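Chains A and B, in that order, give the protein sequences.
Per full-length UniProt numbering, residue 1 is the first one in the first sequence, and the count goes up by one each step.
Per full-length UniProt numbering, residue 1 is the first one in the second sequence, and the count goes up by one each step.
Calculated from the structure, these hints are not laboratory results.
All of these numbers come straight from a predicted model, not from anything done at the bench.
One thing to keep in mind: the hints can contain errors.
[As the list claims (entries may be wrong)] Derived SDA-like pairs (lysine to any residue); straight-line CA-CA distance at most 20 Å:
hint, chain 1, residue 1, chain 2, residue 2
1, B, Lys153, A, Pro99
2, B, Lys209, A, Leu150
3, B, Lys209, A, Ala241
4, A, Lys153, B, Ala160
5, B, Lys153, A, Ala283
6, A, Lys153, B, Gly123
7, A, Lys153, A, Val218
8, B, Lys153, A, Ser98
9, A, Lys153, B, Asp159
10, A, Lys209, B, Ala160
11, A, Lys29, A, Ile333
12, A, Lys153, B, Arg212
13, A, Lys209, B, Gly155
14, A, Lys209, B, Ala240
15, B, Lys153, B, Val214
16, B, Lys209, A, Ala240
17, A, Lys153, A, Gly281
18, B, Lys153, A, Gly216
19, B, Lys153, A, Ile213
20, B, Lys153, A, Ala127
21, A, Lys153, B, Trp125
[What the hints assert, rightly or not] Each pair of labels, with its calculated beta carbon distance range:
hint, chain 1, residue 1, chain 2, residue 2, range
22, B, Glu10, A, Arg400, 29 to 39 Å
23, B, Pro282, A, Arg352, 42 to 52 Å
24, B, Pro215, A, Thr296, 18 to 28 Å
25, A, Ser386, B, Ala241, 53 to 63 Å
26, B, Ala241, A, Leu263, 38 to 48 Å
27, A, Arg90, B, Gly81, 53 to 63 Å
28, B, Pro282, A, Gly123, 14 to 24 Å
29, A, Glu451, B, Gly442, 27 to 37 Å
30, B, Asp159, A, Ala285, 20 to 30 Å
31, B, Pro282, A, Leu263, 36 to 46 Å
[Said to hold, decoys possible] On the chain B side, residues computed to face chain A include the following (Cβ under 7 Å):
hint, residue
32, Val156
33, Arg179
34, Val181
35, Gly183
36, Asp188
37, Gly195
38, Val338
39, Asp369
40, Asn371
Ideal Cβ placement from N, Cα and C applies to all residues, glycine included.
2 protein chains.
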Amino acid sequence: MSVLGQLRAELGDLVDTSPEALENARADKSGHRSAEAPLAVVHAEAVEHVQAVMRIASATGTPVVTRGAGTGLAGAANAGGGEIALSVRRMTRILEVSPDDLLAVVEPGILNADLNAQLLTHGLWWAPDPASKAISTVGGNIATGAGGLLCAKYGVVRDAVLGLDVVLADGRLIRMGHRSVKGVTGLDLTSLMIGSEGTLGVIVGATLKLRRIVPGDVCTVAATFRTVRDAAVASSAVTAAGIQPAIMELMDPHSLAAAHALLALPAPTPGSAQLTIQTDGPAAAVEADAIAAVLTGSGGTVAVTHDREEGERLLAIRRAMHPAMETLGTALIEDVSVPRSQLAAMFDEIARVEREHGVVIPVVAHAGDGNLHPNFIFEGPEVPASIWEAADDLFRAAIRLGGTLTGEHGIGVLKRRWLADELGDDQWRLQRDIARVFDPQGILNPGKVFEA
Amino acid sequence: MSVLGQLRAELGDLVDTSPEALENARADKSGHRSAEAPLAVVHAEAVEHVQAVMRIASATGTPVVTRGAGTGLAGAANAGGGEIALSVRRMTRILEVSPDDLLAVVEPGILNADLNAQLLTHGLWWAPDPASKAISTVGGNIATGAGGLLCAKYGVVRDAVLGLDVVLADGRLIRMGHRSVKGVTGLDLTSLMIGSEGTLGVIVGATLKLRRIVPGDVCTVAATFRTVRDAAVASSAVTAAGIQPAIMELMDPHSLAAAHALLALPAPTPGSAQLTIQTDGPAAAVEADAIAAVLTGSGGTVAVTHDREEGERLLAIRRAMHPAMETLGTALIEDVSVPRSQLAAMFDEIARVEREHGVVIPVVAHAGDGNLHPNFIFEGPEVPASIWEAADDLFRAAIRLGGTLTGEHGIGVLKRRWLADELGDDQWRLQRDIARVFDPQGILNPGKVFEA
Numbered sequence: 001m002s003v004l005g006q007l008r009a010e011l012g013d014l015v016d017t018s019p020e021a022l023e024n025a026r027a028d029k030s031g032h033r034s035a036e037a038p039l040a041v042v043h044a045e046a047v048e049h050v051q052a053v054m055r056i057a058s059a060t061g062t063p064v065v066t067r068g069a070g071t072g073l074a075g076a077a078n079a080g081g082g083e084i085a086l087s088v089r090r091m092t093r094i095l096e097v098s099p100d101d102l103l104a105v106v107e108p109g110i111l112n113a114d115l116n117a118q119l120l121t122h123g124l125w126w127a128p129d130p131a132s133k134a135i136s137t138v139g140g141n142i143a144t145g146a147g148g149l150l151c152a153k154y155g156v157v158r159d160a161v162l163g164l165d166v167v168l169a170d171g172r173l174i175r176m177g178h179r180s181v182k183g184v185t186g187l188d189l190t191s192l193m194i195g196s197e198g199t200l201g202v203i204v205g206a207t208l209k210l211r212r213i214v215p216g217d218v219c220t221v222a223a224t225f226r227t228v229r230d231a232a233v234a235s236s237a238v239t240a241a242g243i244q245p246a247i248m249e250l251m252d253p254h255s256l257a258a259a260h261a262l263l264a265l266p267a268p269t270p271g272s273a274q275l276t277i278q279t280d281g282p283a284a285a286v287e288a289d290a291i292a293a294v295l296t297g298s299g300g301t302v303a304v305t306h307d308r309e310e311g312e313r314l315l316a317i318r319r320a321m322h323p324a325m326e327t328l329g330t331a332l333i334e335d336v337s338v339p340r341s342q343l344a345a346m347f348d349e350i351a352r353v354e355r356e357h358g359v360v361i362p363v364v365a366h367a368g369d370g371n372l373h374p375n376f377i378f379e380g381p382e383v384p385a386s387i388w389e390a391a392d393d394l395f396r397a398a399i400r401l402g403g404t405l406t407g408e409h410g411i412g413v414l415k416r417r418w419l420a421d422e423l424g425d426d427q428w429r430l431q432r433d434i435a436r437v438f439d440p441q442g443i444l445n446p447g448k449v450f451e452a
Numbered sequence: 001m002s003v004l005g006q007l008r009a010e011l012g013d014l015v016d017t018s019p020e021a022l023e024n025a026r027a028d029k030s031g032h033r034s035a036e037a038p039l040a041v042v043h044a045e046a047v048e049h050v051q052a053v054m055r056i057a058s059a060t061g062t063p064v065v066t067r068g069a070g071t072g073l074a075g076a077a078n079a080g081g082g083e084i085a086l087s088v089r090r091m092t093r094i095l096e097v098s099p100d101d102l103l104a105v106v107e108p109g110i111l112n113a114d115l116n117a118q119l120l121t122h123g124l125w126w127a128p129d130p131a132s133k134a135i136s137t138v139g140g141n142i143a144t145g146a147g148g149l150l151c152a153k154y155g156v157v158r159d160a161v162l163g164l165d166v167v168l169a170d171g172r173l174i175r176m177g178h179r180s181v182k183g184v185t186g187l188d189l190t191s192l193m194i195g196s197e198g199t200l201g202v203i204v205g206a207t208l209k210l211r212r213i214v215p216g217d218v219c220t221v222a223a224t225f226r227t228v229r230d231a232a233v234a235s236s237a238v239t240a241a242g243i244q245p246a247i248m249e250l251m252d253p254h255s256l257a258a259a260h261a262l263l264a265l266p267a268p269t270p271g272s273a274q275l276t277i278q279t280d281g282p283a284a285a286v287e288a289d290a291i292a293a294v295l296t297g298s299g300g301t302v303a304v305t306h307d308r309e310e311g312e313r314l315l316a317i318r319r320a321m322h323p324a325m326e327t328l329g330t331a332l333i334e335d336v337s338v339p340r341s342q343l344a345a346m347f348d349e350i351a352r353v354e355r356e357h358g359v360v361i362p363v364v365a366h367a368g369d370g371n372l373h374p375n376f377i378f379e380g381p382e383v384p385a386s387i388w389e390a391a392d393d394l395f396r397a398a399i400r401l402g403g404t405l406t407g408e409h410g411i412g413v414l415k416r417r418w419l420a421d422e423l424g425d426d427q428w429r430l431q432r433d434i435a436r437v438f439d440p441q442g443i444l445n446p447g448k449v450f451e452a
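Generate the whole structure from the sequences, applying the supplied hints.
And the structure:
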């Protein structure tokens, strides 16, 4: 029987070959799309469905691309010709919330925001906060090692997952990790799964480490600077002053101007850049005032508010970044990350790349943790070679500064050709060989991360 | 040429075959010792020395046991007949401290306490604080995934390492991880190395994530309870009240009595147990008072001090635990960890094991994170079979309660026979196969963790 026939015989209506479903499964939010549509989309609703798909896939040597909500930015979840798109988006149950143990056990398809809305009723939250949190799944956040705005203060996904249930390539289910705060039994496979982008197994359950809702106020500081370099130096001064903001976002002149235009606000002074900073917790007001003093001393024009709603209005400019980019053309959103002390140097490199390649690169940065999103803008659906050359130059600059290709979006298809540049050939081979232990047939998301 | 001859030809005086060195390399602090002395101890002073040892070892198929200060409690660093003991204890340099990036780059042999003494001059610290911190190395802390007293508030080793330099089995050097706060390039091999107990490679450098020294006071609360169960329930009440102490230690009646005897203090009321809790940071005093109220409400007799020295006097009873155990006989120090909500249930299980096996099991627990150290006391150097039977019963109880064999000491030789019970056979084989990718010849710490 054909692969499709076997899937249908075992999974019935969960197997979807409608043109719309197949078309959706070809792309994520990166703009990249696979060359051909996949064989089928399977909408798994339970662990057993995932196991059935993997048993059929391993018996027939059929590639499987696991998908959540398809909001990735590296093409890692794009399914192509001859592949099964395995969607876990319908697995949305919260199986347990334990306020005493500060943990929740969830299925992978629940949206980050939906989970946090439920946790709020217990006075709890799961800290990872990718900008996509309203539309991205917890499983996808884990599979990509997603970041967000709050990471410098509240950690990354790796800090917020205690254990995972994983279906292996051949359909077996294993449980990794712990429910306890501590646990060092054998190798830390939970961490290995985080950010593995569907190459090691299918995440079908997650034991999440929760936090209690932070008591106290949220205060917001917005400051404009004459140049983006001044803003970057000022953000470093905040860190150097020993204050830990919850959020510290930097918008360069291009992105600031585009966001103002989108929101119909008066145009900012040409060349000016903005820092938007939030503090939280019992010391929020004291910290906001201290930050305002540092920023003023660094040449900023500073506004402070202790009002949550007014703060949200100030942050709205930052949140308008992605829609603002869409008004300019197609955006290739990059994701380099550097040590915080190198933020100004990285902006210098971006200015150099703009000059030397004749491109404009609007940038927004999570300045608190050194993660920058340079946006390469172009016309049409395909990234032109000239843009990839500029991006290549920028990636190499980030690595030279002690940084990395990707702070929070992952490798997928879009950055696989630079992976060995950062890891070195020896480590690249070691990583690929580890992936082969999980997936000896090479059916898990082939062609992603480790080039086919 | 013999292995020893090759080592001497390349490494000269760094190769130590003195009876004392060979004898020392046979044991750690667990009390367990290898059956025979190793071939030699090599005192590596630089990365190149480690690489030379691994090249000779892989060319000749000679097993290598990496050692730091030998303070482990699972026998993981014990070197035996035909093996090379590779000591990195002399590699103690701090290569970089970056207050701006909150990171340090260090060699593996530096003692945790020596590093923290240096960091203090920068207003910084590395949070992992195993009880052995004065005598254990940073490399050993990482290789075992060491825990400590502060973990519930300040995290475990996994949360405090950004990157590692690792010499592979064949002598190649690779650099894993990042200097940036965020980074998701490929698989997270840094996390995989943490707690791998010398089975994957030799850690020769570490990029550590630092914290700023916590400002404010340290307050201490000591409370005695009628029974150990009352104390466990009270500690859960503190967590449930949403207060996060820096330290929350629980001593059962046996350990409390032994510590009092050692310190020549008046004997505690028979059967009584003690909680010793510290709060820190700007809200330390407020939190200490809130904790005191919770403990009083839970039936405790409570003393609070806002004085750091008086607090240290109260903690001295807890710190006397290990020497106190040594006065009772030989101690097999176990290390189970359970979800915090199961702490009282785990004490019930320990009481059952005591009754059913006719043994006395003094226990100290890191109550804030659910990690218990039951001490099995016996005469002579060898663990009697009857003690292992009682320990086996206790391990299985911890796993039943959703816990783990080992919260912070690791598997080594002493717990390898229970590893598959916790992981399941499928995961056990997967972990072992991953180790084989790093070490195809099986020369890295063979017979440890994954049974030979």
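These are the hints, each one checked on the structure:
Simply put, Lys153 (chain B) and Pro99 (chain A) have alpha-carbon atoms about 16 Å apart, close enough for the 20 Å limit, and the pair holds. Taking the CA atoms of Lys209 (chain B) and Leu150 (chain A), the gap is near 17 Å; set against the 20 Å cutoff, the hint holds. Restraint check: the Cα-Cα separation between Lys209 (chain B) and Ala241 (chain A) comes to about 18 Å, which is no more than 20 Å; the hinted pair holds. Simply put, Lys153 (chain A) and Ala160 (chain B) have alpha-carbon atoms about 14 Å apart, close enough for the 20 Å limit, and the pair holds.
As the CA atoms of Lys153 (chain B) and Ala283 (chain A) are separated by approximately 18 Å, the hinted pair is consistent with the 20 Å bound. About 18 Å separates the Cα atoms of Lys153 (chain A) and Gly123 (chain B), which keeps this hinted pair within 20 Å; it holds. Note on Lys153 (chain A) and Val218 (chain A): the hinted pairing holds, with a Cα-Cα distance of about 14 Å set against a maximum of 20 Å. Restraint check for Lys153 (chain B) and Ser98 (chain A): satisfied, since their Cα atoms lie roughly 18 Å apart, inside the 20 Å limit.
Restraint check: the Cα-Cα separation between Lys153 (chain A) and Asp159 (chain B) comes to about 13 Å, which is no more than 20 Å; the hinted pair holds. Distance hint between Lys209 (chain A) and Ala160 (chain B) is fulfilled; the C-alpha atoms sit about 17 Å from each other, no more than 20 Å. At roughly 10 Å between alpha-carbon atoms, Lys29 (chain A) and Ile333 (chain A) fall within 20 Å of each other, so this suggested pair holds. At most 20 Å may separate the alpha-carbon atoms for a hinted pair to count; Lys153 (chain A) and Arg212 (chain B) meet this at roughly 12 Å.
For the given pair, Lys209 (chain A) sits about 12 Å from Gly155 (chain B) by alpha-carbon distance, which is consistent with the 20 Å threshold. Simply put, Lys209 (chain A) and Ala240 (chain B) have alpha-carbon atoms about 15 Å apart, close enough for the 20 Å limit, and the pair holds. Simply put, Lys153 (chain B) and Val214 (chain B) have alpha-carbon atoms about 12 Å apart, close enough for the 20 Å limit, and the pair holds. A hinted pair counts as satisfied when its Cα atoms are at most 20 Å apart, and Lys209 (chain B) with Ala240 (chain A) qualifies at roughly 15 Å.
Proximity of Lys153 (chain A) to Gly281 (chain A) is assessed by CA-CA distance (about 11 Å); at most 20 Å being required, the pair is judged to hold. Taking the CA atoms of Lys153 (chain B) and Gly216 (chain A), the gap is about 19 Å. The hint holds against a cut of 20 Å. Distance hint between Lys153 (chain B) and Ile213 (chain A) is fulfilled; the C-alpha atoms sit about 15 Å from each other, no more than 20 Å. Distance hint between Lys153 (chain B) and Ala127 (chain A) is fulfilled; the C-alpha atoms sit about 15 Å from each other, no more than 20 Å.
For the hint linking Lys153 (chain A) to Trp125 (chain B), the alpha-carbon distance of about 16 Å falls within 20 Å, and the restraint holds. Evaluation of the 29 to 39 Å hint for Glu10 (chain B) and Arg400 (chain A) yields a pass: the beta carbon distance comes to about 34 Å. The hint said 42 to 52 Å for the Cβ distance between Pro282 (chain B) and Arg352 (chain A), and at roughly 43 Å that hint holds. Taken as a hint, the range 18 to 28 Å holds for the pair Pro215 (chain B) and Thr296 (chain A), whose Cβ atoms sit roughly 23 Å apart.
With their beta carbons about 60 Å apart, Ser386 (chain A) and Ala241 (chain B) fall inside the hinted range of 53 to 63 Å. Restraint check, Ala241 (chain B) to Leu263 (chain A): a C-beta distance of roughly 44 Å satisfies the suggested window 38 to 48 Å. For Arg90 (chain A) paired with Gly81 (chain B), a C-beta distance near 57 Å keeps the hint of 53 to 63 Å intact. A hinted range of 14 to 24 Å holds for the C-beta pair Pro282 (chain B) and Gly123 (chain A), which are about 22 Å apart.
Checked against the given bound of 27 to 37 Å, the beta carbons of Glu451 (chain A) and Gly442 (chain B), roughly 30 Å apart, stay inside it. Distance hint check: the CB atoms of Asp159 (chain B) and Ala285 (chain A) are about 28 Å apart, consistent with the given range 20 to 30 Å. Separation of Pro282 (chain B) from Leu263 (chain A) is about 37 Å and conforms to the stated range, judged on CB atoms against 36 to 46 Å. Because the closest C-beta pair between Val156 (chain B) and chain A is about 6 Å apart, less than 7 Å, the hint holds.
Interface restraint check for Arg179 (chain B): the shortest CB-CB distance to chain A comes to about 4 Å, inside 7 Å, so the restraint holds. Given the 7 Å rule on beta carbons, the hint for Val181 (chain B) holds: about 4 Å separates it from the nearest Cβ of chain A. Hint on Gly183 (chain B) holds. Least Cβ distance to chain A is approximately 4 Å, under the 7 Å limit. Taking 7 Å as the C-beta cut-off, the interface hint given for Asp188 (chain B) holds, the closest approach to chain A being about 5 Å.
The interface hint given for Gly195 (chain B) holds, since its Cβ lies 4 Å from the closest Cβ of chain A, which is under the 7 Å cut-off. With a least beta-carbon distance of about 6 Å to chain A, the hint placing Val338 (chain B) at the interface is held under the 7 Å criterion. Satisfaction of the interface hint for Asp369 (chain B) is found here, the shortest Cβ-Cβ separation to chain A being roughly 4 Å, below the 7 Å cut-off. Nearest Cβ of chain A to the Cβ of Asn371 (chain B): about 5 Å, under the 7 Å cut. The hint holds.
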